[in-house]
Structures are given as C-alpha cells and as structure tokens.
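Q: Residue strings, one per chain:
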Amino acid sequence: MTWSVSARGAHQPDNTAFTQQRLPAWQPLLSAGITLPLFFCAGLAFIGLGLGLFYSSNGIKELEYDYTGNPGTGNCSLCATEGQGRSPPPNCSCAWHFSLPELLPGPVYLYYELSNFYQNNRRYGVSRDDAQLSGLASALRHPANECAPYQLSATGLPIAPCGAIANSLFNDSFTLWYQRRPGERYVEVPLDRTAIAWWTDYHVKFRNPPLVNGSLKLAFSGTAPPPNWHRPVYELSPDPNNTGFINQDFVVWMRTAALPTFRKLYARIRQGNYSAGLPRGAYFVNITYNYPVRAFGGHKLIIFSNISWMGGKNPFLGIAYLVVGSLCILMGFVMLVVYIRYQDQDDDDNDDE
Amino acid sequence: MEVDVRQMIHPTSEVERVVKANDRDYNEKFQYADNRIYTSKYNILTFLPINLFEQFQRVANAYFLFLLILQLIPEISSLTWFTTIVPLVLVISMTAVKDATDDYFRHKSDNQVNNRQSEVLINSKLQNEKWMNVKVGDIIKLENNQFVAADLLLLSSSEPHGLCYVETAELDGETNLKVRQALPVTSELGADISSLAKFDGIVICEAPNNKLEKFSGVLSWKDSKHTLSNQKIILRGCVLRNTRWCFGMVLFAGPDTKLMQNSGKTKFKRTSIDRLMNTLVIWIFGFLVCLGIILAVGNSIWESEFGGQFRTFLFWGEGEKSSLFSGFLTFWSYVIILNTLVPISLYVSVEVIRLGHSYFINWDRKMYYAAKAMPAEARTTTLNEELGQIEYIFSDKTGTLTQNIMTFKKCSINGRVYGEVLDDLGQKKEITKKKEGVDFSGKSQPERTLHFRDHSLMESIELGDPKVHEFLRLLALCHTVMSEEDSAGQLVYQVQSPDEGALVTAARNFGFIFKSRTPETITVEELGTPVTYQLLAFLDFSNIRKRMSVIVRNPEGQIKLYSKGADTILFEKLHPSNKDLLSLTSDHLNEFASAGLRTLAIAYRDLDDKYFKMWQEMLEDAKAATTERDERISGLYEEIERDLMLLGATAVEDKLQEGVIETITTLSLANIKIWILTGDKQETAINIGYACNVLTDAMDAVFVVTGNTAVEVRDELRKAKEILFGQNTSFSSGHVVYESKQQLELDLGADEAVTGEYALVINGHSLAHALESDVENDLLELACMCKTVVCCRVTPLQKAQVVELVKKHRNAVTLAIGDGANDVSMIKSAHIGIGISGQEGLQAVLASDYALAQFRYLQRLLLVHGRWSYYRMCKFLCYFFYKNFAFTLVHFWFAFFCGFSAQTVYDQWFITLFNIVYTSLPVLAMGIFDQDVSDQNSMDCPQLYEPGQLNLLFNKRRFFICVAHGIYTSLALFFIPYGSFYNLAGEDGQHIADYQSFAVTMATSLVIVVSVQIALDTSYWTVVNHVFIWGSVATYFFILLIMHSRSVFGIFPQQFPFVGNAWHSLSQKFVWLVVLLISVASVMPVVTFRFLKMCLYPSLSDQIRRWQKAQRKERPIRNRRPQSRSSSSRRSGYAFAHQEGYGELITSGKNMRAESPAPTSGLEKMLYNNTSWIENLCKKTTDVVSFNHDKTAKL
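Protein chains in written order, with the UniProt record's numbering: chain A, 1 to 353; chain B, 1 to 1195.
Calculated directly from the structure, the hints in this document are not laboratory data. A hint or two may mislead.
In silico DSSO-like links for lysine-lysine, alpha-carbon gap of 27 Å or less [unchecked claim]:
id, chain 1, residue 1, chain 2, residue 2
1, B, LYS269, B, LYS467
2, B, LYS20, B, LYS198
3, A, LYS61, B, LYS1069
4, B, LYS20, B, LYS269
5, B, LYS211, B, LYS135
6, A, LYS313, B, LYS1069
The structure presented is a predicted model; accordingly, all values stated were derived computationally and were not measured.
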C-alpha cells in the first residue's frame, strides 16, 4: 500500500501524440461558408425531391371500396349482419360494382385493407411460433408457450399453426369480373395469387414440415387446426406449393402490420389481356364475406392500385419533403441575414473559409 | 478489511495485550495477528461471490437486476431477457475486471511488503526473516535508514543513553526526526546478542489502536516494573535515522500496528456532476413512472373501450380479464421498455471517460517534474470534471507555495548592503546550488560562494573589516545547529530550522566555519584558524522573546553576548549610540522585507567579567528556585540583553516554488479565489502573500483581523465590510448578488460585485472566534468579497473548518492543496484535495485525490485537464441523455397506435445492442478526446475556465434542452415513418408497412440520426473518432444484415424472426428517402440553432476556435496583469522559526556522541540527573533535521 506509491509511475510519461493529447485532428466549425450553402442546397434538393414524390404519388390511381357492410352501405351489409358474432359466418357473398372510364395502367394490384385491427398489439404479435412455421418437426408437436391460448386444442392436440395471428387469418376471398361493354358477359379477370409474399418469407422463413410418405397431410397428423379455421392448414390450397405453412395468403397475413390500419396484398393483375392494366369497362368484385370486423369497429376495404417508382400511393412523404426543404431555405435565409448583420461587427469572424 | 475479519473471528476483542519477549510459544496462546498484512480484498476463491455481492449493492445494478426479474414474468415481459442481461453482464464483468486488477496490484504490494527482510533474533542467533514471519514478542535488529517492520518496544541502540532517531513521514507526514529513548535497564543490553536472547521481559500494554501519539504499558523484567510511554515505542512505517542500529521487541504486528490501524477509509467524494446526475436520474425515474402511469391508464381505457370487442382475434390472457389489471401489468411492461431512458451503460461510460482523463493527467509530460522524476498522478479517477469547476483554492504555504528552502540572500552590515546583485538570478540555478550545498566540504577555503554573487562582501572580509568579521562570527556562534562528520569526513549540519541552517551555512561559506560544539565550547574555524569559544550561557529562543543569544568567552578572554532576533524586538534593546545605524539598517530591512525576504537583526554586546559573574550567579539562583523560576530567568535574560550594539541584518529568502507567481496570476484571472491557509506567523504569511502576488499593492485595502474575542473579531469584520461598501456605493447587498451568481452572464467582471480588490488577513485566534456560528456569516461574507484571504497561524483542524465553511455556505467547488500532514484534514474535506509530493513525506499525497510535484502544475491541471474533463463530460452527458430520450420515447408514441400493449418499436436485439454496441464508442471517443480549444489557448486564456465555475455546460436547464431535443428527435423518428408507411406499398407492390420493416426503418434512422448528431457534436476529429463513428454505423449495418440473414435464422428461428427483413427494407428507395428525411429534419434545427448562437452570442471558446481555425498564431489578447512587485513600506516582522528547548539539549550535551568531552559543568550535571529533559524535549516537538538526508523542516 503506502510503499508502492512512490515506486509507481516513477517514469517519465511517453511523449506520443496520444498520451499528450496532440493527436492530429480535423476540427470542423459551423462556419457560414459551409452551413449556408449546405442549407440552400439541401433545401432545393428536398423541394425537388418533394415535388417528384408528390407528383408521382398523385399519379397513382387507386380505387377503393369499403365493404365492411355497415347498414346501408351496399349489399355487403346483409352479410355483415348475418356474420356478426362468434359463430362461423355462413357462406355469404356480396359484390362491388364499379366501372373504369379509362384504362387503369398496370400492373394493377389488389389489396385488402383492415382498419382498427391491432396486429401490432404485443400479445397478439408474440402469439406465434416461428420455429414451428419454419418447419421444425419438434416445434410442430410442441408449439411455443407464447401461442397460448392457441397452443393446444381442446382435445390436447398441438395446434398448427399455433397462436393468435394464425388463428385470425383473414379469410375473405375476392374474384374480379370484367364486362367490356354493357350487356356483354362478365369474364373473370385472372388474379395472380402467387408471389404476393416476400421472397424470404416464402422461401426461408416459412417451411412446411418434412413430408411423411410424400404427404403433407401425414406430416401434419396429430395436430389440430386453429379453432377459427374451417379446414386444416394442409388444405389451404390444392396447389402443393401454396399450401401448409407456405400458403401465400397465410404468409402475407403472418407478416404483421405496424399500424392498426393496414393493407395487405391480395393479388396482382398482370396476366393475359390485363398485363397493361385494367381496360375501361364495367367490373364487379365478388366478395366471399367471412371475416368479422364490425364487433370491434373495424373496416374492410378492397383496393385496386398501381404503383410508381417509389411504391404505392402516399402523399405524405412528398409533402414532408417539401416542408422540410422549404424550412431549410427559410432557415438559410434567416442565418444569412443574421450572419451579414453580425459579420460587420465582428471582423475576426468572417474569413473562415 | 483484514482487521475487521480478524475481529469477527475473535469477537472478544482484546482489552490488553500481554507479550513475552523471546517466547513464541507463550505468545502463541493469545493468537495475536502476525506481521503479514493484507490490504487486498479477495482471493481467487472469494472473488466472485464477494465481488458480485458488492456490485449488486449498487443501486443501478440492483435496479437492473430487478428489471431482469420483472422480465422473467411472462405477463409483463415486454422485452426478452437478453436485452437486459447482456448489458448487465457486460457492465458487471467490466467492473469485476477492474476490481480484480486493482486487487491484483494490492496483492503485489502486499507481497512486496510482506517479503521484506529483517533481522530477527531466533534461537540466540540473528537470522534474516521475511517481515510476514515476524511474530509478536520477537526481538529484531534495525539498522540505519531501515523501515521499521512492526510496532516495537525500543530496547537498546547504538547511540548514547539508548537514544534513537526516527523519521515518521509515512505515519504523520512530518519529516523531522523524532527522538526515542530506551529504558535505561534495557539500553544496557546493547548489542550483546546473548543477553538480548536471554531477555524475557513481559510487556502488558493497551490493545491495538490507532492513536499515534499515545501508548501505555508496563514492562516487567527482573522483578521490577517499568512504565512504558510513547517515547519507548517505534512504530511500523517509521524509518530509523542517524542511528547505526537498534534492537526492539515486537509488540504489535501486521494489522495490529498503528500504521495499519490508521489506514482508515478515506471519505468518498463525489463530483457535483455526479450529484446532478443522480438528481436527474431520479427525475428520469419519476418521468418514467409518469409515462408508465399514462400508458397504463391508456391501456386500461383501451382494453375496456376497444380491446374487449377485439376478442375474436385477441384473446384474454390468463388472469387479465379486468382492464385495470391489464393496465397494472402494462405499467410494469412499460417500466421495462422505457428503462433505457437511464441506460445501464451511462454509469459505466462515465467511469470509462473519467478513467481516460485520469490517464491523460498521469501521462502529461508538462506536469512531469524531471528533477524528482515525478509525474502528476490522479489518485482518484472519479473527480476529474470537478477540476474544471473550481472556485476556491485553499493553499498551504510552506512546501506548497514555497520550497521550504532558505537561502541567505542579502545582509546589511554596519549600514552597508551586500548581495544586491542576486536579484536578477534565475531560480533554477538556485535549486542546483542548493544541491551542491549539501555536500559542502569542511575545508578551510570558502570555495562555495556561488549563491552569493556580491564579491564586495568577500572583499570586505579579506580587508578584515572588524564589523563584518563580527557579523559572520555571530552567525557561526549564535545558533542551535549540531555538527557532525559523516562517513566521508565531511561536515554535516543538523539544523532545527532551515533559516538557521541558511545563516550558519552562509557564515561557513564566508570562512567562518562552525566546526563542532560541546556543552561548554564552540569551535569555529575563522578564515582557516580554529578558534574555540567558551560557551558561558545560552539564552534560548522563545515565542515571547523572539530572539536568542549566546554568551561566549573568546580566546582573548573577552566575554561577548551575541544576539539575533526579530528587528522589532531587538531594536528596542539597542544602545542609544546606534541611532544612525539603526535608521539605516531599518531602511535596509524595509527593502529586504519588500522583496519578500525574511529578516533578522543581529547585535552584540561586550560584557565585563564582573558583571557577567554576578549575572551568572543570579541565573544559577533563579534556576534553582522553586517558585517563579521561569519569570526570574526571563527577567535575567532581559537584564543582560540590553545596550546591544547593532551589527546589521540578514535577509533569508523563503524561496517560492517555480512558477508560483505566474500560476497564481493565471488562476486569479480564471476567477478562482485563492486563500492561503498557513501555520506561519501573520508577518511571514503576508510577506509570502506579497511575494507570490496573492496580495498586491494595487489592492484597495487589505483588512487585517486580529481580534482576541468574538466581539472584537466581529467588529473588525463589520468595520472592514463598511469600508468595503463605503467605497462601492452602488453596491447594495453583497450576498444577494453572490448567491445569484449562477444566473450571471459570462462576461467578465459581472460577478465582481465589489469593484476593486480587497484582501483579508486573519489569524488563527481570530479565526477560532470567527468560526463561531454567529460571526461565521460576517466572516464568510467579507471573505468572499475579497479577492484573497490569508489565514495565518491556523491549526490543521481550522484549515478544514475554513474549507467546510465555504463548502457549506457558498455552494462552490473547493480545492485544497498542501504538502504536509497538517494539510491532510483540509485535503480530505475539500471537494478536491491535491497533495504536493514535496519534502514532507507522503501523508498529504496519500490523502489526496491528485498528486502533483509542483504547485505550478496546478495551472495546467485546472485550466487544461480540468476544463477539458468538464467540457467533455458535459458534452457526453448532454449527448447521452439526448440519445436515450430519442431512442426510448419512440415507444411512447408508438403506444398510442398499438393499443398501449407495450409493444416495442425495435427489434429486441437492436434494443440490446443500441447502447452498448451501436452508439457507445463514438460518444466515448468524444468524451475522451474532444477539445474545443487547444491546451495552449486554455492556458493563455484563463477566462475560458469560467463556464465550469458557473456550471454552464451541464445543468438542469441544459438537461431539459437535451431532453427536449431528444423528444423532438423521437417525434420525427416516429411520425415521419408513421406518415410515410401509412397504407404504403413497396416498389414491387408488396405491402411493406409491416411491423418488421417499420422497426428496421426506424432503427436505421435512429442510428443514422444519432451518428450525425455525434458527428456534429464532435469538434475534434481524431483518427479514433473517425474510426468509431464510421465504424459504428458500419457495425450497425453489418450486424443488422447478419441477424437478418438466413443462416442465423436457420440456427435460432425463434430468436431472429426478422429474417430477410434488412435486405428487403434497405433495398427500397423509399426507406432511404424516409431515413434521409428524418436525419435532415432532426438535425437541421440543431444546426440552425448553433449557427445563430455562434453568430449572436459567441462564447469565448467559439471565438478562440475561430481564431484557431484561422490559424492565427498570435495569442488571444488578454490583459495580463503586470507582475510588478512595487516596494512599499511593508515591514517584515519575521522572527525565529525556532522551538524552545534546543538550547537546553545542547548545553546538556545529551545528544552528543561519546567522543565529545565528558560533561563536567554543574549545570550539566544537574540536567543529567534530571531525566525530565527528554520529555521536555519531546513536548516541544523537536525538529531535528540533518542536511545529509536532504530534508528540511517545516516551520
């Protein structure tokens, strides 16, 4: 203790730039020569970007229809009142008729939108088992505890896919019919339901459990479907590449939304005659109304939209850019004025750059 | 530590100790501690449990442990367990590593001490043993200059009468030698091993304690009992000096020694930033609880209004059927999520930064004192930024401001001044000269006159001017110096006070060499001729007499009285014929005094035989008298010391340390108030005050308070205040202005409410009264309005009291600097204690927070290191709070859109890593390396120090600004993505407004925004900053892509559900546009604000930075005070620095070696039989110091 003090550090400190705090350094200053041009340039660039964004967003055409079926809002209200409550909704369908006065340029995307639906609620969001969904056989039989109360069925079988998210899978379906001229027969517009999910979701994150004897059904044997489902997960689609955990609708649904109002991709319209878009004419969408939302004040919408270079329609970003850009320029002017006024007083300050 | 453990093992603590010499078996029964010491806390086995236990006693760690436990409850857990455990483990392991390293060094130093060798008498033989194997009851032999291994009972020594000398610097910091004497019965044992081995005395003494000055015990040996006192004990930690050998019996060993018992815990100091930080952390906790409550209420409402209808999809959890209960759970969930407002890494980062700053202090070559190979040392690593906030410096004088080296500078002999030329000599030379002076050879030629350049004195000597001869003869005769020849046959002086040493050495240099003395004679070599004077009487110094005289008979048979003393006293005793000379000498004295020299008047008197005989008889009578002995003796002294003939005066310089004046000037320009607290006399203190520019003639008034009662003191203080206010009519009430000091603007002089400069001088007596509660405020008020306060004649306790007073009432940061044991209390009680590792041992340094080799380094320590530390710490804290508010509050906004469900905005891994990986290093680099202005400019422009004193860089206001900034950023961070992602589709038409993309976008924006912000804050971009800032951003993307990669998902699908997300999101132009917008939107206002502030209200450092930038080599023009030392009518009242009692010791001959002639005089015999002289001596705090150890004594 006491004796070591004198012995310690009896050496002369090293004479290095580091120990002497003389490291060469760049010492930037908020000088007018840098700040003002930066503000003006940034402002102009932002205004430019903002205008671009705004116009391209405005150029996007959207058709949307609220088919929630609140009383007096079209023919879906019938389904809505019938499908109210916890009982399985009957096979009810309704339609949305619309006509396009001119071509809706493609590619056209069909979305469904839910509002007031809290997919981002924590208890909802954690209620899934990614290990099960990634096809791990062990996880298939032993769903994670987070899935509770949709972990085990009433009979004690493991639920596959488990959890609240899977249980609440959106199960309305849509078909689009086109009538070129009035009086003509409606033809069904082919909806491309493939590749609506993210590539990584479809190819990596969601995997079916290994087939047993080449059968997906056997692979899922010993599991129960989620209580709200009418059919087991391996029968979601007849297409073997689109069923089980890799059913694209299911995958899309499982990518939970950030906000309580959200859209999910339902289909693309890009096949055959419709590759250039939806031509003018009359259309109707046939909606199989299954999904109850009125209990919690939610809305269901169906949307046709095309996209621009930066994605879907959203005027916010363009406006925000315009606002920030204008503010930059405004601030630039304020600073310029202040700088010019005070530079005269302070001779030393104005020759930085 | 060990002591405590031992006492736990033996709960019946020792009441008294019985030790038998040379009998280990006997002593073993008592299980006394052996001489092994442990200062280490842990060993390999106990490290983990003890260290963990200690760490979790800290509030922050315990809090995070609590959070961790909360997270284990599934209903509450809003974050996975690793988000807390990873930082916690990191923090705890870092601390553990630091503790382990510290302990390792303690083990090493323990081992080094435990393995020292000492000679122990075992089985009638002297054997070398390690210290740790020394047992209680052993007899050990010590040799000169050895450390004492344990607390010993002195048995015998090489010196006559069983005397031995010890230096107790390690114990109490005093370097002067102390005398210890063995019992006569044991000192007869001498060095006879066989009889020592047969020694079987039993000592019964007090139990181990920490009282250094006290010891009581009884030695029973050969059927008789001898009382033992402190004078018989040599304590561990002392060093044996001037004694060839001695034998001692171990009484206390190892942890029981007084040294170890004294190594108590030092008071834990915290900086004001620390305290502020703790307050803020509590506020933040309050804020967090408020947020939690708001969100919990929100959750309850949401659950009852909305969630209840959402049951189709969102089940009720177990036991949360009630919305109120759900709100309760949500509260805890949000407490977990929002805990990052006070991140665990804050405390660790602060410690790391401080550690870095401490290393910079240790490494600074400009604070390295080459002459002693001493770098500055930050002994505490936790106080650095407080160095940048000092408002008051309390400085010791001797050894701190002065070198405590006296040099004979000038003299006035018979009306003529010698030594004028010296004024221009640099101080550096003086130091080297002093060193040479140590090994003066005793040759006849005065070859070493280097430090006295005026050859006219030499000429006068050679011409044989009788007055000059008489003057030098007096210097060689009238003193209490002991001479001794060292092994090389050179003459070595043991001096009692350095003043005297300077005078005797001066005489020696001019050919009047004091050779030796016996109780009755003094031998002086006068210009080559040995002359022996008969010492007839020794009129010792006392504080009242302020003079000393010797009466000698020279070989011619004349009896002469030589006297030296304070001019004020001596001038009254002069023969009237001296009138002219007196006025001349008086002028010279004034001149000397105004140059800051310590002066003495020199006079002699010729006595005739008859008169002296008569006087001597009266003296003998008086000494034999039983009543009024002292009064009669002093009356006789008065009687003979009159009608003196003035010879002249001497001027000794109490040399200031290098750079003291410049340092003090700079520090006072930095608005630091310097108080000098010294044990010196008022006159000396004032002199030194003038010498080092603390007091100047330019001052409007110097108030001297010397009252003897509380009332007097108060009146004096009030009168002084009236004068002060009288001259400042515009000034209404002093303390109001002072208390609102913090709100004052930075501009210089605004807080100088009192125009003009004042100084206060107060002495110890008055101070004692002034520190009484009702006068206290008067003192403080006046003292704080004065630029300088000099307290003289203060005791160590008073020093601490003064510091406490200012600390208590002024809310200012204080710094105490000192070098001696008497400064320890002050060093411990000030916010910052600085020890000068001077000549007075290590006590001050050991108690201090920083150790410097020289006072002048204080300037750099405060103005550069302190300022930078403060600046960096403030910047660090501002940024840190900003960053974490921006990071965390996003969750708050998100709560309104996720049903208050405690959903996190970010990926759990991001939350885990954000503070410790993605953003920790850039801010650390800024906290360690940032500089606003260079060190040179900091030194040149002391005004830059002021923001620290006024607490401007980080205070509650600043904190709120940071918080507001953080809130703004969090708003931008949340609402821009919110607006942008609303119902958005990606470039390929796929929906991208999903939770994971949202999280990634927000996380990326956050990392970029805070990186841009730190880039903006960093004003000194070293390579390290570049690497850390760019590296952090790169690391973020790297880790992000890894964690979202297929391979990681393949291994842990549960833990990394974000697979593919980074790639998908980051390949969208849209996401980058959002990131860009957020960055610009959150940084633009800051830049604007800073730019406008720099234009409109540029701070001094801004201006200097621009100067620096413009590469102007010219130094900023600051009005440096002219350092004039104008002469004035100041008058040195300096007298001796002696203590009484030495005359007695000399005339008794007790301290002389056997080879000196046997004492014969009756006076001596009387003293010989009277054993009380040694107690007397010790009572009077003997200060024997010998030059051969290059030590000098404190006044």
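Q: Take the hints in turn and mark each one as holding or not.
A: Evaluated hints:
Restraint check: the Cα-Cα separation between LYS269/B and LYS467/B comes to about 60 Å, which exceeds 27 Å; the hinted pair is violated. Distance check on the hinted pair: LYS20/B and LYS198/B sit about 12 Å apart at the alpha-carbon level, within 27 Å; holds. Distance restraint check for LYS61/A and LYS1069/B: the Cα-Cα separation of roughly 20 Å lies within the 27 Å cut-off, and the hinted pair is therefore satisfied. Restraint check for LYS20/B and LYS269/B: the C-alpha separation of about 44 Å exceeds 27 Å, so the hint is violated.
Among the hinted pairs, LYS211/B with LYS135/B is consistent with the structure: their alpha-carbon atoms are about 22 Å apart, no more than 27 Å. For the proposed pair LYS313/A and LYS1069/B, the alpha carbon gap of about 14 Å is at most 27 Å, so the pair holds.
Hint violations for this structure: numbers 1 and 4, all remaining hints satisfied.
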